[in-house]
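So the protein lines, in turn, are chains W and U.
With our numbering, the residue at position 16 of the first sequence is 16, and numbering never jumps.
Count along the second sequence starting at 1, add 129, and that's the number in our numbering.
Don't read these hints as lab results, they were simulated from the structure.
Quick caveat: nothing in here was measured; it's all calculated off a predicted structure.
Careful, some of the hints might be misleading.
Unchecked claim - In silico DSBU-like links for lysine-lysine, alpha-carbon gap of 30 Å or less:
no., chain 1, residue 1, chain 2, residue 2
1, U, Lys286, W, Lys113
2, W, Lys48, U, Lys280
3, W, Lys91, U, Lys294
Said to hold, decoys possible - Per the computed footprint, the stretches of chain W lying under chain U, defined by three or more beta-carbons under 8 Å from a beta-carbon of chain U, are:
no., region
4, 23 to 37
5, 43 to 49
6, 89 to 103
7, 119 to 125
The C-beta atom is built at its ideal place from N, Cα and C for all residues, glycine as well.
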Amino acid sequence: MKHYDRRIFKKLNIFGFSLVEVIIASAILAMASVSVFQLFIFATRSTKTIYNHSTALNLAVVSMDQIAAAGPTNCPPFSSSDYSMERNKFKVESKIIKLSNDLYQVEIKVIYKETGRDVELPLSMIMEE
Amino acid sequence: MINARTLNIFSRKASAGSQVYSALPGQLSSLTFERAYTFQAPAGGRAYRALPGQLSSLTFERTGRRGSALMMVMGILFVIFIFGFGYSNYLQSQVHLLEREKEYEAASLILRSAITESLYILNYDNQIFINKIKSITPKDFIRPYEIYQAKAENSRKLMEEVFKKYGSKDLGISYEVREVIPFKDFERTGEKTLRMGIIARLNAGGLNVRHECEVLVRFAAVIFDKYEADARIIKVGPERASAMISDVRSFNTGKYYGICVYTGADAKAAREAAQKSSRFRALLVNPAGLVMVNKAFVTEGYTLTFSPPVPIPPR
Numbered sequence: 001m002k003h004y005d006r007r008i009f010k011k012l013n014i015f016g017f018s019l020v021e022v023i024i025a026s027a028i029l030a031m032a033s034v035s036v037f038q039l040f041i042f043a044t045r046s047t048k049t050i051y052n053h054s055t056a057l058n059l060a061v062v063s064m065d066q067i068a069a070a071g072p073t074n075c076p077p078f079s080s081s082d083y084s085m086e087r088n089k090f091k092v093e094s095k096i097i098k099l100s101n102d103l104y105q106v107e108i109k110v111i112y113k114e115t116g117r118d119v120e121l122p123l124s125m126i127m128e129e
Numbered sequence: 130m131i132n133a134r135t136l137n138i139f140s141r142k143a144s145a146g147s148q149v150y151s152a153l154p155g156q157l158s159s160l161t162f163e164r165a166y167t168f169q170a171p172a173g174g175r176a177y178r179a180l181p182g183q184l185s186s187l188t189f190e191r192t193g194r195r196g197s198a199l200m201m202v203m204g205i206l207f208v209i210f211i212f213g214f215g216y217s218n219y220l221q222s223q224v225h226l227l228e229r230e231k232e233y234e235a236a237s238l239i240l241r242s243a244i245t246e247s248l249y250i251l252n253y254d255n256q257i258f259i260n261k262i263k264s265i266t267p268k269d270f271i272r273p274y275e276i277y278q279a280k281a282e283n284s285r286k287l288m289e290e291v292f293k294k295y296g297s298k299d300l301g302i303s304y305e306v307r308e309v310i311p312f313k314d315f316e317r318t319g320e321k322t323l324r325m326g327i328i329a330r331l332n333a334g335g336l337n338v339r340h341e342c343e344v345l346v347r348f349a350a351v352i353f354d355k356y357e358a359d360a361r362i363i364k365v366g367p368e369r370a371s372a373m374i375s376d377v378r379s380f381n382t383g384k385y386y387g388i389c390v391y392t393g394a395d396a397k398a399a400r401e402a403a404q405k406s407s408r409f410r411a412l413l414v415n416p417a418g419l420v421m422v423n424k425a426f427v428t429e430g431y432t433l434t435f436s437p438p439v440p441i442p443p444r
């Protein structure tokens, strides 16, 4: 390599990167990384929310259908049951209020934890005996 | 100075044994050669003859190596951002859709409640409805004929509670006549079977949900004298003690009793209770003991019975 002319290499600029270039490249990479990292956080959180919400809604609808099928008089006025799903735990509370001779208001509340706080999903329906 | 060996660094297609070298686009800008070489630029397809000394400029189609790298990085970032933001938007829309799905589910339950409640109220408490039904004839009936706007206060309260975040909300239940079927035999004044649609609508914010059901409504005279001998007492349940029904003929002709009271299995007491008060519940039980309808309203010697509502899927 000793017989090569350094000027040519310098002209071709193949020695490496300057400090400014490295700093600019790092800044661009950092900005991009922050955005991508935030995107990952958002995606994870959204996936959790979607899973929790859809599971809670399904549980509420199924519980409502069960009470409708059994009849509100054949179910206890207050009940609570816990469901351990794959990724979260859900608590289903049901409350049956008598409105008149044959009409009952059924309230279902599904409670679950999401990012450290309790989230409630209520559903109500009036049904006949 | 540069020779053939050095050129190997810059050009992958450089051949030391040959005098013809192929320079990749974007790799060389300005070189000094110890002897003459011929370069072929593949992009342009044009050959360059390099003479000993300074070759001032070689123009190739692509930019420099680091420029290409920057473009590649920018391209990758661009793809990440496009797909990333697209995915995040998709997830956000999924969360939003689930929120809306919950509201639709709640609205759907409220509409089912409203239909149940309106039928319950009609069952006990609506002389206007009975009078309208009595006056409908198959001749003057134009379909669809909305005859009644039902009230469902409990369902309305439920709606107010569930959709309190929306300013304007409305719940409407309307009954419309779709078909009038007269009785075949022994028809008394006003007696008929109707095919009716129950349409429940809920508007709250941007939410607009509609449920439609169909019921068979039989409006028939209560005849105690003619078929009293055919009446039977069937025990239905511990609270609904008895049902007085007529025989098969009564179902075919549309004449039936359909009286059931909450107290006692005594047919005489049941009939007396039915005659005294309009607030009793009737059952129509077929001869096999199956409950056909469990709603009836007795007024002025007539009963109004409803079949269970059959949901009609949206068109």
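A quick look at each hint next to the structure:
With a C-alpha separation of about 29 Å, the suggested pair Lys286(U) and Lys113(W) falls inside the 30 Å cut-off, and the hint holds. A distance of roughly 41 Å separates the Cα atoms of Lys48(W) and Lys280(U); the hinted pair therefore is violated under the 30 Å criterion. The hinted pair formed by Lys91(W) and Lys294(U) meets the criterion: a straight-line CA distance of about 25 Å does not exceed 30 Å. With 4 residues carrying a beta carbon less than 8 Å from a beta carbon of chain U, the region 23 to 37 of chain W meets the three-residue requirement, and the given coverage holds.
Counting residues of the region 43 to 49 of chain W whose CB lies closer than 8 Å to any CB of chain U gives 4, so the stated coverage by that chain holds, three being the minimum. Under the rule that three or more residues need a Cβ within less than 8 Å of chain U, the assignment of the region 89 to 103 of chain W holds, with 4 such residues. Residues of the region 119 to 125 of chain W lying with their CB closer than 8 Å to a CB of chain U number 5, which satisfies the three-residue condition for coverage.
In the structure shown, a violation is registered for the earlier hint numbered 2 alone.
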